[in-house]
Amino acid sequence: MTAPAPAVPRSEETPAPDGPSPLRRKLLVLLAAVLLLAGVGTAAVRYAADRSDRRDQEQAGGPPVTEGPLSLDAAGGRRLLLRNLAWGPHRDEIAAVPADDPDGPRTASGVKCLRFHAAAGTGICLQAEHGALDDTYHASVLDASLHEVRRFPAPGIPTRARVSPSGHLVGWTVFVSGDSYAGTDFSTRTAIVDTRTWQFYDNLENFRVLRDGHPVQSSDVNVWGVTFADDSGFYATVATGGRTYLVRGDLAARTLTTLHQNVECPSLSPDGTRVAYKKRVDGADPAAPWRLYVLDLATMTETATAEQRNIDDQALWADDRTLLYSMPGDYGSDLWTVPADGTGTPAVLVRSAVAPAYLG
Numbered sequence: 001m002t003a004p005a006p007a008v009p010r011s012e013e014t015p016a017p018d019g020p021s022p023l024r025r026k027l028l029v030l031l032a033a034v035l036l037l038a039g040v041g042t043a044a045v046r047y048a049a050d051r052s053d054r055r056d057q058e059q060a061g062g063p064p065v066t067e068g069p070l071s072l073d074a075a076g077g078r079r080l081l082l083r084n085l086a087w088g089p090h091r092d093e094i095a096a097v098p099a100d101d102p103d104g105p106r107t108a109s110g111v112k113c114l115r116f117h118a119a120a121g122t123g124i125c126l127q128a129e130h131g132a133l134d135d136t137y138h139a140s141v142l143d144a145s146l147h148e149v150r151r152f153p154a155p156g157i158p159t160r161a162r163v164s165p166s167g168h169l170v171g172w173t174v175f176v177s178g179d180s181y182a183g184t185d186f187s188t189r190t191a192i193v194d195t196r197t198w199q200f201y202d203n204l205e206n207f208r209v210l211r212d213g214h215p216v217q218s219s220d221v222n223v224w225g226v227t228f229a230d231d232s233g234f235y236a237t238v239a240t241g242g243r244t245y246l247v248r249g250d251l252a253a254r255t256l257t258t259l260h261q262n263v264e265c266p267s268l269s270p271d272g273t274r275v276a277y278k279k280r281v282d283g284a285d286p287a288a289p290w291r292l293y294v295l296d297l298a299t300m301t302e303t304a305t306a307e308q309r310n311i312d313d314q315a316l317w318a319d320d321r322t323l324l325y326s327m328p329g330d331y332g333s334d335l336w337t338v339p340a341d342g343t344g345t346p347a348v349l350v351r352s353a354v355a356p357a358y359l360g
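Be aware that the sequence shown starts at 1, since it is given in full-length UniProt numbering, and climbs by one per residue.
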């Protein structure tokens with residue numbers, strides 16, 4: 001009788017009679033995971049590309065936008081200028097609507113800005129130049145026809161822009177590092193230009209900061225959010241020592257004098273008596289800490305507005321009673337209003353828009 005053949009030990013390279021080996025199963029699982037991830041990545045790229053393509057097409061129900069002449073002078077009735085965020089060929093262009101019909105047809109200028117403001121025939125437009133590796137930025141001073149009359153370097157991401165009521169001064173803020181005010185790991189650069197002489201104050205951190213009549217000696221001073229009172233005075237935010245202050249600025253003296261704590265991105269009322277601003281409130285999410293307040297400059301009395309959501313904008317006064325500000329929307333941002341005296345309720349004024357300015 002013939003003896004049976006000795007059993008051959010199975011290894012991970014020898015398949016079991018009933019299926020693949022553990023190693024092959026691992027390889028199959030890994031291959032499936034790679035294919036799944038590749039499919040998800042392809043779908044995400046296609047979705048992003050499709051969404052990008054659709055930005056050049058008007059969305060259903062969006063405001064009609066047509067290109068046409070646009071002026072920054074006071075003639076032609078009261079108008080609201082804004083950066084148009086409605087999808088279509090005029091997205092990111094400065095556009096105008098009648099102030100009494102803000103959701104009506106928009107007239108687009110053909111001029112694209114990341115941040116914008118205008119007054120008395122002068123505009124400030126912060127723009128990006130897209131390079132092969134990095135984007136660079138600049139600030140363009142515009143005349144009443146929205147033609148560039150002077151350009152200045154902007155060493156970071158644009159975030160705030162303002163023109164004085166006379167049109168003689170323009171100011172802007174950019175992020176030199178970081179891209180949010182929510183944390184502490186950011187640095188800004190704020191500049192002012194006198195359009196009469198083209199004197200360029202390229203960094204307000206070089207001004208003397210005075211607190212309680214004494215100079216602040218600190219290397220961590222940060223300045224942002226200019227709002228103009230007249231052709232020599234302005235307000236802004238100064239951060240130092242872990243605190244933020246409302247400051248009164250004096251161009252001639254090159255000083256920043258602290259007035260009140262916990263004030264960010266101030267906006268002076270048309271009558272010059274109050275400042276609207278972002279205030280960090282106790283107990284709020286550190287990533288969304290701000291609420292919209294109004295400060296009486298004579299009494300330093302604070303009033304909370306009825307807007308209880310997080311505000312990350314430099315509010316604009318539509319008039320002496322009403323504040324205008326941006327909130328996240330379906331196509332980037334929408335513009336909302338709320339009474340400045342703490343009454344009423346917030347309401348949408350314009351959808352798909354940011355960076356407003358009233359003329360006339």
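In case anyone wonders, no lab produced these hints; they're calculated from the structure.
Think of the CB as a built atom: it goes at the ideal place given N, C-alpha and C, for glycine as much as any other residue.
Take the hints with a grain of salt, since some may be wrong.
Beta-carbon label-pair distances, calculated as ranges [claimed, not checked]:
hint, residue 1, residue 2, range
1, R151, T301, 16 to 26 Å
2, A99, D231, 49 to 59 Å
3, G68, S232, 28 to 38 Å
4, D319, Q199, 13 to 23 Å
5, P98, P328, 23 to 33 Å
6, S219, P155, 16 to 26 Å
7, Q217, D100, 50 to 60 Å
8, P328, D296, 39 to 49 Å
9, R196, P64, 21 to 31 Å
Results for each hint:
The supplied range of 16 to 26 Å is broken by R151 and T301, whose beta-carbon atoms lie about 42 Å from each other. Between A99 and D231, the C-beta spacing of about 26 Å breaks the proposed range 49 to 59 Å. Our hint of 28 to 38 Å for G68 and S232 holds, since their Cβ atoms are close to 37 Å apart. Judged by the Cβ atoms, the range 13 to 23 Å given for D319 and Q199 is violated: they are separated by roughly 32 Å.
Checked against the given bound of 23 to 33 Å, the beta carbons of P98 and P328, roughly 26 Å apart, stay inside it. In this structure the supplied range 16 to 26 Å holds for S219 paired with P155, their Cβ-Cβ distance being about 18 Å. A hinted range of 50 to 60 Å holds for the C-beta pair Q217 and D100, which are about 52 Å apart. Between P328 and D296 the CB atoms are about 30 Å apart, so this pair departs from the stated range of 39 to 49 Å.
Under the hint 21 to 31 Å, the C-beta atoms of R196 and P64, about 39 Å apart, miss the expected range.
Hint compliance for this structure: hints 1, 2, 4, 8, 9 are broken, all remaining hints hold.
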